[in-house]
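Participant: Given next are the chains, with one letter for each unit.
There are 2 protein chains.
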Amino acid sequence: MADVVEAPPEEQLMAAIAPEVAKIEQAMRTDLQVATQGTDPLLAEVLEYGIFNGGKRLRPLLVVLAARLSGVAQGKNEEIYKLAIAFEYLHSATLFHDDVIDRAGLRRGKPTVNKSFGAIAAILGGDFLHSRSMFLVGSFGGTPALEIFCQATNAMVDGEFLQLRNAQNYNLSEQDYFLAIKGKTALLIAATCEIGALAGGATVSQQQALAEYGIGLGTAFQIVDDLLDYQGDTAQIGKAVGNDFQERKMTLPLILALSNANYEDKERLLYLLEHEDARESGFVEAYGLIDKYDGFSLSRNRAESIVAEAVAGLEVFSGGDDVASLTVLQALAKYVLVRQK
Amino acid sequence: MADVVEAPPEEQLMAAIAPEVAKIEQAMRTDLQVATQGTDPLLAEVLEYGIFNGGKRLRPLLVVLAARLSGVAQGKNEEIYKLAIAFEYLHSATLFHDDVIDRAGLRRGKPTVNKSFGAIAAILGGDFLHSRSMFLVGSFGGTPALEIFCQATNAMVDGEFLQLRNAQNYNLSEQDYFLAIKGKTALLIAATCEIGALAGGATVSQQQALAEYGIGLGTAFQIVDDLLDYQGDTAQIGKAVGNDFQERKMTLPLILALSNANYEDKERLLYLLEHEDARESGFVEAYGLIDKYDGFSLSRNRAESIVAEAVAGLEVFSGGDDVASLTVLQALAKYVLVRQK
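Chains as they are written, first to last, in my numbering: chain A, 0 to 340; chain B, 0 to 340.
Calculated directly from the structure, the hints in this document are not laboratory data. Fair warning: there could be bad hints in the mix.
The list treats identical chains as interchangeable, and a pair is accepted whether it falls inside one copy or across any two copies.
[Unchecked claim] Subject to a maximum C-alpha distance of 30 Å in a straight line, what follows is the list of computed DSSO-like cross-link-like pairs (lysine-lysine):
{"id": "1", "residue 1": "Lys75", "residue 2": "Lys22"}
{"id": "2", "residue 1": "Lys181", "residue 2": "Lys81"}
{"id": "3", "residue 1": "Lys114", "residue 2": "Lys248"}
{"id": "4", "residue 1": "Lys181", "residue 2": "Lys109"}
Here chain A stands alone, though its shape is the one from the complex (with noise of 0.2 Å):
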């Protein structure tokens, strides 16, 4: 088994990446300038004010580090980092779409581009990036990347249709979770490695390697995600919390502790979820309930084997020459188990 790099501090890995980040900002910025060339202004600034705003662009650097790990040539730079764009097209897409469906207010502690420039901005502004990022793939990455791309999306739309098929199934397992977040989260961030390796001439078991890395990455991602919003603090988050206790959003805390609590406890825990009032007064006795069950260890527990094991599964690449990428691949893998944003 490969040595286990230990998690650099956050600072350490932040200062890591910061100038990758500078450069997948400034190819969103350059290319943004190209496809909005000649649109109605209005567009433009819906698009900067809902792109540049902070984010951690995971998605990108996830297909700069694995293009780079799999031996990219230099001179195969930018179309990397079309290919990696396109991701964080997608992403925002998403995001702006989310937010009308949600009707959100924030998103990083600012309005969300609905709350700002209305629904019809948002959800169009989405089209456009959905559309620019499969072009992108389509033209950099050839039919097999454009493939993998528009499964992971399917997907993405399949796992909220699954999810929202789980909402209020207070029975849901363990497994209907993880399959949820499977299509939802992490199968899109396996894309993002898969589409990496491919771009970077990675062998068969290289790309598979990065797409299982992506898969425990994103899987982690989201149940770190579903921790936060129990437990993550409001000004960090940007965002409000307990609000998938207040939607009644299956996720895992609240699902091992339904398995796990007693007759009466589970039975308070769903009295608390099912009627508004008790759900709105009620959710500090909630959290300590879900609390009482180990609801959150269990599932930081959880977080915490699939990141080991994601991390474990690099060690194909150990002894290569791009120590750097590999270093903090694993890093950022960790990184997602201590993040509080």
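Please build the complex by placing chain B on the supplied structure of chain A, with the hints as guidance.
Facilitator: Using the frame of chain A, we list chain B on its own:
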């Protein structure tokens, strides 16, 4: 100048295109079965409901006809249909999203996807179709087709933004109107013809001629659409009449009437537009004022000249082998003028 083919009666045209329409419907059913394999059953249900609704299939039909006219080899049939249905998917995706934006209740006489399944299903179902359409165009048409497709999609979004900006601009010029509908409608119709031409192996001048035909057809189509919004029969067009006026959309009949009216009538029309109560009760009066200044007949004249030009532009194909496709394209352009729904 080419002989102008007399428009056959509507039934004759419908009979001529019926076999192609049936093939297009079949191609969509086959493709959707593959695309939704293993996905949530609700997603498949939403797509089935939203797509198979008695649509005219104008866009895919144009792809097939343009390809045939350009001399597509028989063996390429499957590709042509895949490209063709991509346009119907995109069109449906747009309608799904439009109905969320407009909160429309009816589409072709039955409840919209948004109304029947909710906004989440409408937005995500649209995203799924959007993604599938890009995938088909990229896979079966390659980068040149994808480029045309994405440019048209983005122009469509841009046209909607422009229309948004134009709304309630009571000084809107005819030129502004034509610019907005070019983006919103005509460029995408042109793209069907261009991509069909590409797939059929057209010469550059043939491709150009078909693109211009598409622009003309699309422009006339939109003018007639805007006329039907005032003059159509609710039962026939399957949605409420007078919507555009209530939303203060500046369409051609209104623009022409405002620009030709005397001071008093112009002020009255503006009063009716600007005051919600007057707008609701004063539709018949507004209709009369628009009619007094020939807003409707002048709009129809514009559409007629545009169609005549579009038909004349197909001259380059006269004397070719495929008289049937040419005849149908010419007849379709004329049908646009007489359609009642």
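Participant: If a hint holds in the structure, say so; if it does not, say that too.
Facilitator: Hints, one by one, checked against the model:
no.: 1; hint: Lys75 / Lys22; result: within (15 Å within a copy, 42 Å between copies)
no.: 2; hint: Lys181 / Lys81; result: both (25 Å within a copy, 29 Å between copies)
no.: 3; hint: Lys114 / Lys248; result: both (23 Å within a copy, 23 Å between copies)
no.: 4; hint: Lys181 / Lys109; result: within (28 Å within a copy, 35 Å between copies)
In summary, this structure violates none of the numbered hints.
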